[in-house]
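Go by the hints and put chain B onto chain A.
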Amino acid sequence: NAGVTQTPKFRVLKTGQSMTLLCAQDMNHEYMYWYRQDPGMGLRLIHYSVGEGTTAKGEVPDGYNVSRLKKQNFLLGLESAAPSQTSVYFCASSYRQEQFFGPGTRLTVL
Amino acid sequence: GEDVEQSLFLSVREGDSSVINCTYTDSSSTYLYWYKQEPGAGLQLLTYIFSNMDMKQDQRLTVLLNKKDKHLSLRIADTQTGDSAIYFCAERNTGGFKTIFGAGTRLFVKA
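Chains as they are written, first to last, in this note's numbering: chain A, 7 to 116; chain B, 56 to 166.
List time: in silico DSS-like cross-link candidates among lysine-lysine, alpha-carbon distance up to 30 Å:
1. B:Lys-91 with B:Lys-125
2. B:Lys-91 with A:Lys-63
3. B:Lys-125 with A:Lys-63
4. B:Lys-153 with A:Lys-63
5. A:Lys-15 with B:Lys-91
6. B:Lys-123 with B:Lys-91
7. B:Lys-123 with B:Lys-153
8. A:Lys-20 with A:Lys-63
9. A:Lys-15 with B:Lys-153
10. A:Lys-77 with B:Lys-153
11. B:Lys-91 with B:Lys-111
12. A:Lys-76 with B:Lys-153
13. A:Lys-77 with A:Lys-15
14. A:Lys-77 with B:Lys-91
Calculated from the model, a selection of chain A residues having no Cβ within reach of chain B, i.e. all distances over 12 Å:
15. Gly-59
16. Ala-88
17. Gln-91
If you are wondering where the hints come from, they were derived from the structure by calculation, not from laboratory data.
Keep in mind the model is a prediction, meaning the values are calculated, not measured.
Each residue gets a CB set at the ideal place from its N, CA and C atoms; glycine is no exception.
For reference, chain A alone in the conformation it holds in the complex (with noise of 0.2 Å):
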């Protein structure tokens, strides 16, 4: 089992960019979540999925968008860019009261 993977691992990107950081999980969890971590900062929710076709907000969505067409897979988009979201991008899968969390995207936006 590759558990849970993160594509790509580093990315910078220019102001008013857009770019998607895919997140795949082989373990059939129903529950996924993309979080994001600031220096200084725990991790914050920005969206999670409830199962295969089904995403909701988290505590800071602005900026972003999410898709979830396959149960093992949960896109995060940022269609425009902003300095303020250059951030190491984590995604997790969870089974009852565990989560398990992918190895990051570093994201640069300048």
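Using the frame of chain A, we list chain B on its own:
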């Protein structure tokens, strides 16, 4: 609102015990977690405790929960250099999808 607070840094000598503390505000929290994050990696679940428990021990790790004071601690016995990492406290309600994370405690282990 819900909040989880931790001290930012802790430094210990190799072989000593480390105690990382956390306070939370949501009295309805059901699950309380400790995660470990090594440099450049994602969060790894170390252990968790149900709110109806006072203590949980797992090898070198001991979790203590004081529900009255809403205080959670993680004790690492015989701390090793490999334990150097950031440790996150987190809490979640039953049936909730939102996990609230603290800012993390960076543990330095001196040889």
